[in-house]
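These protein sequence lines map, in sequence, to chains A and U.
Residue numbers for the first sequence follow our numbering, beginning at 1 and rising by one.
Residue numbers for the second sequence follow our numbering, beginning at 1 and rising by one.
Treat each hint with caution, since some may be false.
Since copy identity is lost for identical chains, a pair holds within one copy or between any two.
Below, simulated DSBU-like cross-link-like pairs (lysine-lysine); rule was C-alpha separation at most 30 Å, straight line [what the hints assert, rightly or not]:
{"id": "1", "residue 1": "Lys50", "residue 2": "Lys81"}
{"id": "2", "residue 1": "Lys323", "residue 2": "Lys74"}
{"id": "3", "residue 1": "Lys81", "residue 2": "Lys323"}
{"id": "4", "residue 1": "Lys323", "residue 2": "Lys372"}
{"id": "5", "residue 1": "Lys14", "residue 2": "Lys372"}
These aren't lab readings, by the way, just hints derived from the structure by calculation.
What you are looking at is a predicted structure, and each value in this text was computed from that prediction instead of being measured.
2 protein chains.
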Amino acid sequence: MAIFPFDIQAREGKTRTGVLHTPRGEIRTPAFMPVGTTGTVKALYMDQVKAAGADIILGNTYHLMLRPGAERVKRLGGLHKFSGWSGPMLTDSGGFQVWSLAQLRKMDADGVTFQSHIDGSTHRLTPARSIEIQADLLGADISMQLDECTNFPCTHEEAERSLTLSLDWGQRSLDAFGDRESQTLFGIVQGSNFADLRERSAKGVVGQGFGGIALGGLAVGEGHEQMCATIDMTIPHLPDDLPRYVMGVGKPIDLVESVARGIDMFDCVLPTRSGRHGQAWTWAGPVNVKNAQFAEDLSPIDAAVDCPASRDYSRAYYHHLFKAGEYLGPMLLSWHNTAFFQALMAEIRLSIREGRFEALRARLTADWASTKSSPKAEA
Amino acid sequence: MAIFPFDIQAREGKTRTGVLHTPRGEIRTPAFMPVGTTGTVKALYMDQVKAAGADIILGNTYHLMLRPGAERVKRLGGLHKFSGWSGPMLTDSGGFQVWSLAQLRKMDADGVTFQSHIDGSTHRLTPARSIEIQADLLGADISMQLDECTNFPCTHEEAERSLTLSLDWGQRSLDAFGDRESQTLFGIVQGSNFADLRERSAKGVVGQGFGGIALGGLAVGEGHEQMCATIDMTIPHLPDDLPRYVMGVGKPIDLVESVARGIDMFDCVLPTRSGRHGQAWTWAGPVNVKNAQFAEDLSPIDAAVDCPASRDYSRAYYHHLFKAGEYLGPMLLSWHNTAFFQALMAEIRLSIREGRFEALRARLTADWASTKSSPKAEA
Chain A
1 MAIFPFDIQA REGKTRTGVL HTPRGEIRTP AFMPVGTTGT VKALYMDQVK AAGADIILGN
61 TYHLMLRPGA ERVKRLGGLH KFSGWSGPML TDSGGFQVWS LAQLRKMDAD GVTFQSHIDG
121 STHRLTPARS IEIQADLLGA DISMQLDECT NFPCTHEEAE RSLTLSLDWG QRSLDAFGDR
181 ESQTLFGIVQ GSNFADLRER SAKGVVGQGF GGIALGGLAV GEGHEQMCAT IDMTIPHLPD
241 DLPRYVMGVG KPIDLVESVA RGIDMFDCVL PTRSGRHGQA WTWAGPVNVK NAQFAEDLSP
301 IDAAVDCPAS RDYSRAYYHH LFKAGEYLGP MLLSWHNTAF FQALMAEIRL SIREGRFEAL
361 RARLTADWAS TKSSPKAEA
Chain U
1 MAIFPFDIQA REGKTRTGVL HTPRGEIRTP AFMPVGTTGT VKALYMDQVK AAGADIILGN
61 TYHLMLRPGA ERVKRLGGLH KFSGWSGPML TDSGGFQVWS LAQLRKMDAD GVTFQSHIDG
121 STHRLTPARS IEIQADLLGA DISMQLDECT NFPCTHEEAE RSLTLSLDWG QRSLDAFGDR
181 ESQTLFGIVQ GSNFADLRER SAKGVVGQGF GGIALGGLAV GEGHEQMCAT IDMTIPHLPD
241 DLPRYVMGVG KPIDLVESVA RGIDMFDCVL PTRSGRHGQA WTWAGPVNVK NAQFAEDLSP
301 IDAAVDCPAS RDYSRAYYHH LFKAGEYLGP MLLSWHNTAF FQALMAEIRL SIREGRFEAL
361 RARLTADWAS TKSSPKAEA
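Bound conformation, chain A alone:
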């Protein structure tokens, strides 16, 4: 297995900024990965994603194995060729989505059997099958180990049993991954919000020799404060020289506070999901363009974001497009949000390099304080 060189170029407190070097290109960190669930970042052209500043996107094993099918993607040349994204790509293992199916899955020690949400057909994921799909069939540059996500909240006993299973599946994932020369595999730390379990999981995962470490079991309804606390209890047990990735996070304030704690990578559907529902994320905070106050507002969504969608269309036009149910509304707003999240990461990276991250953090967390998620508020 390749361990991609991770060049940390500047630090401020626990933050780090640098470059993760992959055979398909450089990933500037801290990095936010737009989510391309089914081989498309929803409502965006890939050149918009690239121009917005994204170095890497994420693909979803669960969705792609069901439709169009992982073997089919392989026959069509792999996910990069299929989707038209030529840069680095990370895929999730499918574990999180299968876990989300709740009543439609059945876990055992070797994997999980589940029913497709599309047609009810039965499928099975094991650590080895997930690696085969991600690394062989989709052709991910970064694969994720199959793990089990626990419900939040859960008991100490449940979390302990689950992380033990995830550690076992991590080892099976590594074994299946073998000695691929140009691809890497990340492990996943679980343990819910129990400090002793996060420590045990982190030490176990680190000892297994992955190319990067992810924190799983977050963004599942624990709320902003608990997310921060969980990161805090995990980071001390991670090596300095591997990239750290918080999966499924998050809102802009979550990104800032995670970076402050030493996180390097993120993914979240929020920019495009919000974009489809009329919510813009801006330097001034969230804005719902469907609100009547914008019906005759000629100002742009956020002139400080260097993207046509942010700068060249009036809020009045956005308002109209969403009221009329036009495609262009979600298209433009997903584009703006994607560009804003990338602009935020670029500013975070620059602020670390210039030794002013804490000042930036203080300003943004004050401005965005009202956007903090409460526990289970969005579970």
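Given the coordinates of chain A, assemble chain U onto it according to the supplied hints.
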């Protein structure tokens, strides 16, 4: 009222190719106008519409007067600024859409009262109000007279009564339009499929002094052959030096056969509507990308069309996007279809200039024979 200079540069048989000069730019004819119903050409960015080769787009009075409201568009700077289209724009009068409302409208000699399909609110269109909306509030470069569209089929008596009303409304539209220096107004010939009525209507409309002549009451279920016959019975009564516009037409074969009969302008929602439903229009005829045969087809939609959507994405990817219900499917296919329709018009223009239109027509009508609409087949 301005009469835009119409420079006919080449002819072959009854066909003509040239340039209609407007203060906002040149319109190469024969021209196909993409439809921007509510201030957006559905699922396209305006720069894609422009790059595809469109010189002019169409806006809809009915939709815009209801939402966001014509006065609001005016306060926001007019439809060009609002929508981001800086080239020439034609608006319809609202008459056709109101006619389509059937049970929700009430005609009288002075206009039509109707209920909004959005919220049931009551509105009224008169010839003068339609002109006010189009020319003053939306700021159309080319406005259309308010007319009454007749059902197809209808009796000679109904068609006669209706065209008499439309002639009266045409004069009221002209009176309301006044002496605007940089905008023009087109009249509309009605008369269903009765040769004597089309002649009477054409002579009446021509005598009123419009800046262009439209043929109305087509693309309402009469079928391809009847459409051609109606054009044939009308053209002899139109002056050579004014642009001729067939409203709401049509399929590629309709465009070819209409141009052959001396038509200069078209508009239709077909490229974008088909694009949202998985149907591609290509030089080889229509292709439904949802068909299973394309699931692993790596060929592009139509490599002969110089558009990224036509050339750079596989049919397999299109198939997947439509099966998965992804935004990008309609986005790409509406883009391709728009580019194909523009490519068709460009080739038609060039073929007239090079004296080979009849050869092109023979080839295309043979290839596309199966696409001819039957009467009422799509009414």
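Evaluated hints:
1. Taking identical chains as interchangeable, the C-alpha atoms of lysine 50 and lysine 81 lie at most 30 Å apart whether they share a chain (15 Å) or sit on different chains (28 Å).
2. Taking the closest pair of Cα atoms, lysine 323 and lysine 74 come within 30 Å of each other only across two copies (18 Å); inside a single copy the shortest separation is 41 Å, beyond that limit.
3. In this assembly of identical chains, the alpha carbons of lysine 81 and lysine 323 lie at most 30 Å apart only when taken from different copies (19 Å versus 36 Å within one copy).
4. Proximity of lysine 323 to lysine 372 under the C-alpha cut-off of 30 Å is restricted to the intra-copy arrangement: shortest distance 28 Å within a copy versus 36 Å between copies.
5. Taking identical chains as interchangeable, the C-alpha atoms of lysine 14 and lysine 372 lie at most 30 Å apart only when both belong to the same chain, with a minimum of 21 Å there against 69 Å between chains.
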